[in-house]
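Participant: Sequence:
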Amino acid sequence: MTDFEKLHIEWIDYSNDEDKVNFLNALNSYLFFKKDSIDQCELLIKKNPKFNAPKLLKIVLILLSRDKHKLSIAQNLFNKINIDDVNDHFKKYLITISAWLKGDLHEVIKSLKNIISNYSKDIMAIRLLHFNSIFIGIDSNFLKTHQEILSNWSKEDPLYNLILGMTSFAYEENNELLVAKDLANESLELSKKDLWSWHALLHVQDNDLSSDLDNNKDFASINWTNFGSIKRHIWWHQALMHFYKREFTICLEMFDNFIFSEDEFYLDFCNTSSLLLRLHYQGIDVEKRMIKLKPLAEHYSNQYLIPFIDYHLVFFYKYFNDVKHLKQMEEGILLNYKNTGFKASTSKYLSPIIKSLRSTEIINEEIFNNAFQSLGGSFAQREIIMLGVLNYSDNSKLQNKIKNIFNTKKSTSINYV
5 MTDFEKLHIE WIDYSNDEDK VNFLNALNSY LFFKKDSIDQ CELLIKKNPK
55 FNAPKLLKIV LILLSRDKHK LSIAQNLFNK INIDDVNDHF KKYLITISAW
105 LKGDLHEVIK SLKNIISNYS KDIMAIRLLH FNSIFIGIDS NFLKTHQEIL
155 SNWSKEDPLY NLILGMTSFA YEENNELLVA KDLANESLEL SKKDLWSWHA
205 LLHVQDNDLS SDLDNNKDFA SINWTNFGSI KRHIWWHQAL MHFYKREFTI
255 CLEMFDNFIF SEDEFYLDFC NTSSLLLRLH YQGIDVEKRM IKLKPLAEHY
305 SNQYLIPFID YHLVFFYKYF NDVKHLKQME EGILLNYKNT GFKASTSKYL
355 SPIIKSLRST EIINEEIFNN AFQSLGGSFA QREIIMLGVL NYSDNSKLQN
405 KIKNIFNTKK STSINYV
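Sequential numbering of the sequence shown, starting at 5, is according to this note's numbering.
Hints may be right or wrong, so weigh each one.
Here are the simulated lysine-lysine pairs, DSBU-like style, with alpha carbons at most 30 Å apart [said to hold, decoys possible]: (1) 38 <-> 74; (2) 405 <-> 347; (3) 95 <-> 106; (4) 359 <-> 347; (5) 39 <-> 221; (6) 50 <-> 72; (7) 117 <-> 106; (8) 292 <-> 359; (9) 106 <-> 10; (10) 235 <-> 159; (11) 249 <-> 235; (12) 148 <-> 347; (13) 10 <-> 197; (14) 347 <-> 117; (15) 405 <-> 359; (16) 352 <-> 298; (17) 38 <-> 298; (18) 159 <-> 24; (19) 72 <-> 359; (20) 148 <-> 38; (21) 95 <-> 50; (22) 114 <-> 347; (23) 117 <-> 159; (24) 72 <-> 292; (25) 221 <-> 249; (26) 249 <-> 74; (27) 196 <-> 117.
I should point out that these hints are in silico values taken from the structure, not numbers from a laboratory. Nothing here was measured: the structure is a model prediction, and the numbers come from that model.
Take these sequences, add in the hints, and give me the full structure.
Facilitator: Laid out in structure tokens, this is it:
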């Protein structure tokens, strides 16, 4: 953990070397998506209730679950942090967390950028900025932010490969696939441990079906038992490659054996529902599997934390022709996002989609112009919106519009328009 000393970790309020080492282990687990990070935080809090850094990290891990049912736990822990015991760097994190607890993701991102402007090598702030920005829109500004962050790092810096992996993803989502591939490979040459760099490479290879990480010895040797939901998201990407190849039976096998989880985690629901819906739109019977997802859908259906979850729910309930839930979501989105930074994107994009799914009203193809970037998620994830709308529409103008989007993005989903 000595490499961490070269980064901006001044906010960590350790009182002895043992606490410092143990906390850096917990932080390292988070940075590399290992599932034991929250357990390590709890042990540190129990051992030393005055140690604030593990409280902060545990709050972050709870908030990353995107689950309103857990907010009270995070709030109670937040209240136990004594502001008089922490430095200015830590206090900037408290501003971030305060906004996050209120559900103001746009303010969270603004606050994280402020931290990074003062502490350019605060790897936790950078990681949090990356994974929160995804849900307000992966656009040219997303790429510009990552380019600026990368410019402050060098190959000699510890965890530089993490910066490369995140920047690779930003390039891929802005359709600069060659740069994205080079950065992901550069990251993996430095270290094979960052799953997000493997993930970035998978994003590139979703558009290059001749490549398959299953044949990569380093990828095949990953011990997946150490990881939580990230592994299922990576397997979802692999299932997408089989979908693009029309290997639908393999997709179902991957759902059953690798991707489905009963855990109440938003990304698991979004991954599984979007995979099954893709198969459904191709005439594959997925009813029994879709029914298995109903408890997860119900868990998130009244939360309205981020539109990313909501648009997956919309097409999930449309599959069942569940008019009650669709109406409930239309009203809930209008009510819950009206005073947030998501008001413009939900009213302009998501609400018209729900309205068209609930009626025979023809949707205006102009709302597809930015491929729903501001609703959050990667292009591969937002594809489900376009494929879903297509499934319920025979509008030729709309088909051409979506076909052009898939062409521009070099998406294999063009085969399904």
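Participant: So if I understand the rule, the pair passes when the alpha-carbon distance is 30 Å or less; does residue 39 with residue 221 pass?
Facilitator: holds (23 Å)
Participant: Between residue 405 and residue 347, does the CA-CA distance stay at or below 30 Å?
Facilitator: This hinted pair holds, its Cα atoms lying about 25 Å apart.
Participant: Holds or violated: residue 148 with residue 347, Cα cutoff 30 Å?
Facilitator: OK: residue 148 and residue 347 at ~24 Å, within 30 Å.
Participant: Would you mind confirming whether the straight-line C-alpha gap from residue 10 to residue 197 stays at or under 30 Å?
Facilitator: Distance ~20 Å between residue 10 and residue 197 Cα, so the pair holds.
Participant: Does the alpha-carbon distance linking residue 249 and residue 74 stay inside the 30 Å limit?
Facilitator: violated (39 Å)
Participant: So if I understand the rule, the pair passes when the alpha-carbon distance is 30 Å or less; does residue 38 with residue 298 pass?
Facilitator: With Cα atoms ~27 Å apart, residue 38 and residue 298 stay inside 30 Å; holds.
Participant: Would the hint linking residue 159 and residue 24 be met if the CA-CA limit is 30 Å?
Facilitator: Answer holds: residue 159 to residue 24 is near 25 Å, not above 30 Å.
Participant: Assess, step by step, whether the Cα of residue 347 is no farther than 30 Å from the Cα of residue 117, and give holds or violated.
Facilitator: OK: residue 347 and residue 117 at ~22 Å, within 30 Å.
Participant: Check the hint pairing residue 117 with residue 106 against an upper bound of 30 Å on the C-alpha distance.
Facilitator: Within the cut-off at roughly 18 Å; holds.
Participant: Hinted pair, alpha-carbon criterion (30 Å max): residue 95, residue 50. Please report holds or violated.
Facilitator: holds (22 Å)
Participant: Hinted pair, alpha-carbon criterion (30 Å max): residue 72, residue 359. Please report holds or violated.
Facilitator: holds (26 Å)
Participant: Quick one, are residue 352 and residue 298 close enough, alpha carbons at most 30 Å?
Facilitator: holds (28 Å)
Of the numbered hints listed earlier, those contradicted by the structure are 9, 26.
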